[in-house]
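Trainee: Residues per chain are reported as follows:
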Amino acid sequence: MGFQLLEKKIYHLSLSVQKQKSVAPGYWVLSLQSPQISSAAAPGQFVLLKIDKNFDPLLPRAMSIHSIIRADNYRIGFTILYKVVGKGTRLLSEKRSGESLAVLGPLGTGFKLSHIASGYEPIIVGGGIGIAPLLFLAQELMERSYTPTVFLGANSQEELLALDEFESLGFTPKVSTEDGSKGVKGMVTDLLGSYLEDSKGLQAEIFACGPAPMLEKAASLAKSYKLNSQLSLEQRMACGLGACLGCVVKIKNKNSGHSYQRVCTEGPVFNGEDIIW
Amino acid sequence: MVASSSPSLSVELNGLKLKNPIIAASGTFGYGLEYAPLGDLGKLGGIVTKGLSMWEEKGNPPPRICETPAGMLNSIGLDNIGIENFITEKLPQLIRYDTAFIVNIWGRETDDYIKAAERLDEAKGIAALEVNISCPNIKKGGITFGTDPSVTFKLVQAVRKRTALPLLVKLTPNVTDIILIARSAEDAGANALSLINTLLGMEIDVSTRRPSLANITGGLSGPAIRPVALQMVYQTAKKVNIPLVGVGGISSVADVIKFMLAGASAVQIGTANFFDPTICWRLVDELEEYLRNDNISDVNQLVGAMREE
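Chains as they are written, first to last, in my numbering: chain V, 3 to 279; chain Z, 23 to 331.
These are computed hints drawn from the structure, not numbers from a lab. Treat the hints with care, since some could be wrong.
As the list claims (entries may be wrong) - Here are the simulated BS3-like cross-link-like pairs (lysine-lysine), alpha carbons at most 25 Å apart as the crow flies: (1) V:Lys21 / V:Lys89; (2) V:Lys176 / V:Lys85; (3) Z:Lys137 / Z:Lys183; (4) Z:Lys112 / V:Lys256; (5) V:Lys256 / Z:Lys80; (6) Z:Lys137 / Z:Lys80; (7) Z:Lys65 / V:Lys11; (8) V:Lys252 / Z:Lys80; (9) V:Lys10 / Z:Lys112; (10) V:Lys176 / V:Lys202; (11) Z:Lys39 / Z:Lys146; (12) V:Lys254 / Z:Lys80; (13) V:Lys10 / V:Lys114; (14) V:Lys252 / Z:Lys112; (15) V:Lys187 / V:Lys176; (16) V:Lys225 / V:Lys114; (17) V:Lys11 / Z:Lys112; (18) V:Lys252 / V:Lys228; (19) V:Lys97 / V:Lys23; (20) Z:Lys65 / V:Lys10.
Stated by the list, open to error - To be clear about the criterion: a stretch of chain V counts as covered by chain Z if any three or more of its residues have a C-beta under 8 Å from a C-beta of chain Z, and this derived list gives those stretches: (21) 11-25; (22) 56-68; (23) 235-241; (24) 247-256.
Unchecked claim - To give an idea of the chain V side of the interface with chain Z (calculated C-beta under 7 Å), a few residues: (25) Lys52; (26) Leu106; (27) Gly244.
Note that beta-carbon positions come from the ideal geometry of N, C-alpha and C, so glycine has one too.
With these hints in hand, go ahead and build the complete structure from the sequences.
Mentor: Below you can see the structure in the form of structure tokens.
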């Protein structure tokens, strides 16, 4: 089912699992076949997965689109990279090839790319499971002939996600881990900070996703180097369509004060400068 | 034996005609347009808007929702764009759909409700008003009206005088005796009653020892509350003479039928829209199929038809 309205295509489909692969302890990549959703999707957008037909868990889970699956240059499906954090994601990880899921998407407003001009360097910064939406972004930027600089961070080498996938696209991500087991020991924003310091005057835009403290730091770095930042946020969500107003975050108004904006509709990607932490 | 013609799905709520008894509930379907990408809104019996006030309301700080067993808590805080913006921005887009748009209204004072009713009475394309006297998420207004029979009577009467639109009054379950409130609303001139709104609830995150909602308390909805709602519809149906609209946890066609058997003339689908976003459309088809299979020619034959002996 998919009616077109205001150029917004949203599908509600029953999709069967193509593949479910463990990529690190507690982390999985799920592949779903859907020419419709993958063709309509843009980087930073997400889908809602109703994992179980029963009422516990009741609500679908919001998952960003990790990558697009292609065959002969056609978009035929997409992947989800997720971490098992509770009952819903545990049940999701138990789904095997052939089992089906109700999927709603693509949803939300993703990364804005149309204003990126040649000579601009896109800087991708991912922390932990926040790396999930950034591979699709990197794919898209490459298709548009941009070469982003990629920073990836994690607690440890074991939890460093998607490094091989970025490498197979031809990137050489700059890596940090908190325990020092891979790359530079420390936070990914420390790496970002020294990079920006070393390349002062750089024409760049920062695209980041990760835990809130990381994003807040990325936003403040962007501001001090006078760069734009686009940050993908997370919030508890119910409908995914902008109807329930459950997933709001606090955003600065143009003039003064603040308003609540929906992560599912105005977001999940917001301008770093607009977010009230 | 199969009925030769299509069963009749239309219902009439004491002045409000609906093409079928499936209505999207307030607060779960936005202003209708949010769900338009998923199906033809004109197929639905009706759509109740998000609760609207005479002013723009920011709502409560996040986190505003929290999942619970077979349910969810919300403390949205009546975040809405305001009636003026609704009339200028949403209504012109909505009127192209052939369904009953029911505008849910709320206020902090009686005067807020009166102004809302007067303003909406002038607007074209609105089928009815649903007077929210039961929102648990704002301290003044909402629920404070709906927990006192005489306050309910005065408010509904005041609104009744200001509009010719059919009035649904949405009742809270957070009372000792819902029948007293139902009768007050009926006596004051309500055309129909919607019941129930959410049940007051809360949740605590043990790992942080903090409440799961920024507002601490919220309203419980979803399948978890369905038996409570069903009981209240059943009890109320026996004591009032105006139609009832059953709402609370309805998630399947069997649930729709249960509420009608208990005495509801129509139903509202709420939280189910969140986990099954095309459910309203499917229920229209499934209800028709049920009637056809059971050789029932008119959906109204289900209303209050529970067998008690």
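Trainee: Each hint should be assessed against the structure and marked as holding or not.
Mentor: Right, here's what the structure says about each hint:
no. : hint                : verdict
1   : V:Lys21 / V:Lys89   : holds, 20 Å
2   : V:Lys176 / V:Lys85  : holds, 22 Å
3   : Z:Lys137 / Z:Lys183 : holds, 12 Å
4   : Z:Lys112 / V:Lys256 : holds, 23 Å
5   : V:Lys256 / Z:Lys80  : holds, 16 Å
6   : Z:Lys137 / Z:Lys80  : holds, 20 Å
7   : Z:Lys65 / V:Lys11   : holds, 19 Å
8   : V:Lys252 / Z:Lys80  : holds, 10 Å
9   : V:Lys10 / Z:Lys112  : holds, 17 Å
10  : V:Lys176 / V:Lys202 : holds, 18 Å
11  : Z:Lys39 / Z:Lys146  : holds, 16 Å
12  : V:Lys254 / Z:Lys80  : holds, 13 Å
13  : V:Lys10 / V:Lys114  : holds, 16 Å
14  : V:Lys252 / Z:Lys112 : holds, 24 Å
15  : V:Lys187 / V:Lys176 : holds, 12 Å
16  : V:Lys225 / V:Lys114 : holds, 18 Å
17  : V:Lys11 / Z:Lys112  : holds, 20 Å
18  : V:Lys252 / V:Lys228 : holds, 22 Å
19  : V:Lys97 / V:Lys23   : holds, 10 Å
20  : Z:Lys65 / V:Lys10   : holds, 20 Å
21  : 11-25               : holds (count 3)
22  : 56-68               : holds (count 6)
23  : 235-241             : holds (count 5)
24  : 247-256             : holds (count 6)
25  : Lys52               : holds, 6 Å
26  : Leu106              : holds, 6 Å
27  : Gly244              : holds, 5 Å
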